[in-house]
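Those sequence lines, one after another, are chains C and G. Counted from 1, the first sequence has number 112 at position 112 by the working numbering; the numbering is strictly sequential. All you need for the working numbering is the position in the second sequence, starting with 1, plus 124.
No lab work stands behind these hints: they were computed from the structure. Any given hint could turn out to be false.
Stated by the list, open to error - Once the Cα atoms are required to be at most 27 Å apart in a straight line, the calculated DSS-like pairs of lysine-lysine come out as:
id	chain 1	residue 1	chain 2	residue 2
1	G	386	G	584
2	G	346	C	91
3	C	91	G	353
4	G	331	C	64
Claimed, not checked - Here are a few chain G residues that face chain C, going by a calculated C-beta distance under 7 Å:
id	residue
5	281
6	303
7	304
8	411
9	425
10	426
11	430
12	431
Stated by the list, open to error - Anything over 12 Å on all C-beta distances counts as not near chain G; from chain C, calculated:
id	residue
13	5
14	23
15	33
16	35
17	67
18	84
19	86
Fair warning: this is a prediction, and the values are worked out from it, not measured in the lab. Built from N, CA and C at the ideal position, the CB exists for glycine as well.
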Amino acid sequence: GEGLVTCLPLVCQQCTEPACVKACPTEALSRNGGGILALEESMCSGCGDCVEACPAGCIFMDEKRTLPISCDLCGGEPQCVELCHSGCLSKAGNGLDVWQGVDSMVSLLDDLSLWDCLPGKGGR
Amino acid sequence: MANLYAGRILRVNLTDGRVSTESTAPYAERFIGGKGINAKLLFDGVEPETRPFDPDNLLVFGVGALVGTPFPGASRVDVMAKSPVTGAFGDSGMGGYLGAELKFAGYDNIVIDGKADRPVYLSIMDDRVEIRDAISMWGHDTYETPAMVRQELRDQSAKVVCIGPAGENLVVYASILSGTGNAAARTGMGAVMGSKNLKAIAVRGTKGIGVARPREFINECKKLYEALKQNRMYNEVHKVGLTRIHDREMRGLYELLGNTWKGGESIHEVEFMNEHLLRRVGCFACPVACFDAYNIAGAGAGSAKCSPYGDLTWDLRNADLMVFWKAFVECQRYGLDARSLSNTLAWLMELHEHGIISATDTDGIPMTWGSPEAILDMARKISYREGIGDLLADGLPAAARKIGGGSEDRLLVVKGSPSDLHIVPVKTRALANAVSPIGEDAQVQAFLDYVGARRFIQAKDEASFESSIEHYKDRAEREVGIRQAADPRTTEGKAALVRSDEERTDICDMTGVCSWLTPFIGLPVNAGDIATALSLGSGNTVTVGDLSKAGKRLRHLERAFGTRCGLTRADDMVPDSFARRLRPEEPAAGSISKISFNDAELETMKDDYYRSLGWDLLTGNPTRETLEKDGLSDVADRLGL
Chain C
1 GEGLVTCLPL VCQQCTEPAC VKACPTEALS RNGGGILALE ESMCSGCGDC
51 VEACPAGCIF MDEKRTLPIS CDLCGGEPQC VELCHSGCLS KAGNGLDVWQ
101 GVDSMVSLLD DLSLWDCLPG KGGR
Chain G
125 MANLYAGRIL RVNLTDGRVS TESTAPYAER FIGGKGINAK LLFDGVEPET
175 RPFDPDNLLV FGVGALVGTP FPGASRVDVM AKSPVTGAFG DSGMGGYLGA
225 ELKFAGYDNI VIDGKADRPV YLSIMDDRVE IRDAISMWGH DTYETPAMVR
275 QELRDQSAKV VCIGPAGENL VVYASILSGT GNAAARTGMG AVMGSKNLKA
325 IAVRGTKGIG VARPREFINE CKKLYEALKQ NRMYNEVHKV GLTRIHDREM
375 RGLYELLGNT WKGGESIHEV EFMNEHLLRR VGCFACPVAC FDAYNIAGAG
425 AGSAKCSPYG DLTWDLRNAD LMVFWKAFVE CQRYGLDARS LSNTLAWLME
475 LHEHGIISAT DTDGIPMTWG SPEAILDMAR KISYREGIGD LLADGLPAAA
525 RKIGGGSEDR LLVVKGSPSD LHIVPVKTRA LANAVSPIGE DAQVQAFLDY
575 VGARRFIQAK DEASFESSIE HYKDRAEREV GIRQAADPRT TEGKAALVRS
625 DEERTDICDM TGVCSWLTPF IGLPVNAGDI ATALSLGSGN TVTVGDLSKA
675 GKRLRHLERA FGTRCGLTRA DDMVPDSFAR RLRPEEPAAG SISKISFNDA
725 ELETMKDDYY RSLGWDLLTG NPTRETLEKD GLSDVADRLG L
């Protein structure tokens with residue numbers, strides 16, 4: 001609303017069935033043994049299909065290196081959670097067989113009308 | 125300039141539309157960044173005969189050197205120009221997200237010269253800088269304008285600062301607002317912006333900031349974040365913002381002043397916040413998030429912290445915090461400094477109380493203490509120069525001259541700028557206000573003699589007073605090497621206390637680190653941490669001593685600017701109304717006067733102050749010897765010394 005500003009951290013939801021992995025034509029993106037998103041840089045062609053595919057814009061392109069900036073949970077201890085001072089981030093799973101956390105991000109983006117702001121999704 | 129700095133100063137001339145850049149490098153070593161570099165740019169670039177609303181006045185934005193990094197609280201931008209309030213130096217800081225975005229876009233400072241021939245806004249998108257038409261935005265308030273600018277630029281992530289109707293109408297107390305409620309509000313920077321027909325500045329930056337030793341830099345930041353999380357004061361501020369601290373402060377101030385208004389007992393900022401808070405809001409890289417955001421039906425939305433809660437309640441004998449909130453939202457929307465509104469209303473209420481003005485002078489509305497009718501809508505009237513607003517829009521001294529009848533004697537104004545009604549006339553406040561280039565500066569509020577004064581009025585006898593300030597004297601010894609600085613009855617050590625506060629705020633203002641992260645309110649980020657971060661960031665060794673020296677250069681520059689405007693030692697004064705307010709219900713010649721000050725004491729403290737800065741005792745101006753010693757021969761040259 002007027003006079004108020006909304007912020008939302010676009011953090012990767014580590015989906016069990018990630019749209020980015022599905023879209024990757026070279027299989028550079030995958031889920032590793034621990035179920036965490038992994039990027040094999042040598043296999044990445046820089047096509048950007050992963051960025052297009054993520055429904056909530058949680059993966060970005062590093063323009064300089066033409067590689068996606070994908071979340072690897074900092075090897076297990078995500079720094080974003082550690083540094084967040086408002087307590088809005090946590091390492092969570094919802095106990096479902098298929099965690100499609102990105103759905104909750106999408107609802108937030110809908111509720112807060114933030115679609116115009118997403119890089120790589122038409123906004124800037 | 126590979127590291128820490130963006131490396132470029134942007135120069136925009138609104139008269140001929142020319143845009144150019146120059147390197148930050150020649151300025152950084154002597155002046156660090158932010159307010160330091162601004163002061164040099166202003167001193168070099170504005171002539172004494174230039175008036176505040178002349179096209180030749182410069183409006184300068186300076187981003188602190190650490191801004192854009194994860195250093196906690198490094199978000200601040202300094203705004204500077206010749207001021208329509210003081211007629212000389214003008215300066216105001218703001219937090220939020222503009223600073224970081226400017227650094228990411230590639231600029232450390234912006235110098236705005238000239239005047240556009242129609243309303244314009246500045247669009248800065250990395251290297252693409254445009255002066256764009258703002259006719260459709262002119263007239264819109266500060267809540268509507270950023271949305272319009274972002275819409276037109278098709279960039280919802282652009283950071284926008286703008287003026288409202290107050291700035292457009294050259295109201296001297298006009299402010300510059302950001303979308304997150306940050307305001308460069310004091311000394312009329314919004315009016316200068318309006319005088320240039322500049323409605324807004326929009327920034328989007330996509331470059332990074334180079335850091336010489338990134339891993340160590342990040343570790344330094346993390347250490348500070350940890351220290352903050354362990355800190356008791358951090359946890360308090362993080363939960364209740366500044367409401368609890370400010371509640372206590374207002375009560376303490378009024379107890380010292382001699383509070384005869386019982387209404388203050390029912391003012392509870394914390395309760396108001398707990399009842400209505402929407403969420404906490406903070407600035408770039410700040411873990412404290414001290415702003416309280418509200419969205420109250422029928423009253424308005426926005427974010428506020430600290431001063432306005434007291435300025436628009438206690439100082440106006442208004443106990444209704446909802447009236448404060450409505451009046452505050454008006455100020456935000458219209459782009460008017462809320463403190464100046466408070467100062468204006470308090471003055472009018474005092475005039476009304478003493479029969480110097482009546483309701484007929486104020487559009488039929490009696491300016492009774494605490495009256496909601498008197499308070500609400502005044503921001504709009506001033507911003508649009510309607511009715512009594514037109515008289516007030518050119519500042520209180522000008523209004524007093526027109527009203528006459530003794531109204532000038534009741535002005536609480538220093539160097540043209542109004543002071544808060546709750547300012548306590550203890551010795552450090554008298555000195556700090558008298559010597560400050562902008563009049564009352566809320567950043568320079570020495571704690572030790574203030575708390576000593578409070579102990580004095582609470583003490584039963586001399587002996588218990590002496591013992592109650594023993595540990596404050598210990599602290600005074602540690603901080604400034606003078607035990608007696610904590611004794612409110614003597615001038616000893618008071619200049620040292622003021623210099624200590626000035627040094628702290630100068631270091632913050634040059635590096636962009638917010639004072640609220642420092643011992644100013646009991647948080648642990650100090651000058652040593654800042655020096656370490658500057659070293660790791662820039663790759664050059666920067667010490668606390670270097671920062672102190674740069675701070676002195678800043679003080680010399682501010683003083684030199686004033687000198688060129690014709691100011692001297694005689695202008696370093698506070699009005700009679702300042703001293704006379706301490707506990708008026710008690711005998712004037714009693715012991716209470718010991719903890720205040722008289723003219724002779726103020727002159728003694730000024731001597732101490734000038735001596736510590738190497739300024740001439742007769743004129744109050746820096747000498748050539750001092751300027752050369754501190755690396756400012758070019759300033760001495762320009763002063764004609």
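Hint check:
For the proposed pair residue 386 (chain G) and residue 584 (chain G), the alpha carbon gap of about 23 Å is at most 27 Å, so the pair holds. For the hint pairing residue 346 (chain G) with residue 91 (chain C), the CA-to-CA distance comes to about 20 Å; that is within 27 Å, so the pair holds. Taking the CA atoms of residue 91 (chain C) and residue 353 (chain G), the gap is near 20 Å; set against the 27 Å cutoff, the hint holds. With a C-alpha separation of about 10 Å, the suggested pairing of residue 331 (chain G) with residue 64 (chain C) holds against the 27 Å cut-off.
Contact between residue 281 (chain G) and chain C, as hinted, is supported at the beta carbon level, the nearest pair being about 6 Å apart and thus within 7 Å. Given the 7 Å rule on beta carbons, the hint for residue 303 (chain G) holds: about 5 Å separates it from the nearest Cβ of chain C. With 7 Å as the threshold, the beta carbon of residue 304 (chain G) comes within range of chain C, its nearest partner Cβ sitting at about 5 Å, so the hint holds. For the restraint placing residue 411 (chain G) at the interface with chain C, the shortest Cβ-Cβ distance is roughly 4 Å, inside the 7 Å limit, so the hint holds.
Annotation: residue 425 (chain G) was flagged as interfacial toward chain C, and the flag holds, the nearest CB pair being 4 Å apart, inside 7 Å. Hint on residue 426 (chain G) holds. Least Cβ distance to chain C is approximately 4 Å, under the 7 Å limit. Contact between residue 430 (chain G) and chain C, as hinted, is not supported at the beta carbon level, the nearest pair being about 18 Å apart and thus beyond 7 Å. The restraint placing residue 431 (chain G) at the interface with chain C is violated, with a minimum CB-CB distance near 19 Å, outside the 7 Å limit.
Annotated as non-interface, residue 5 (chain C) brings its C-beta within 12 Å of a C-beta of chain G; the closest such distance is 5 Å. The claim that residue 23 (chain C) lies off the interface holds: its Cβ sits roughly 25 Å from the closest Cβ of chain G, which is beyond the 12 Å cut-off. Residue-level check passed: residue 33 (chain C) sits 28 Å from the nearest beta carbon of chain G, beyond 12 Å. Look at residue 35 (chain C): its CB is around 27 Å from the nearest CB on chain G, clear of 12 Å, so calling it non-interface holds up.
Annotated as non-interface, residue 67 (chain C) keeps its C-beta farther than 12 Å from every C-beta of chain G; the closest such distance is 16 Å. Not every CB of chain G is more than 12 Å from the CB of residue 84 (chain C) (nearest about 9 Å), against its label as outside the interface. Chain G draws residue 86 (chain C) into its interface by the beta-carbon criterion, the shortest separation being 7 Å against a cut-off of 12 Å.
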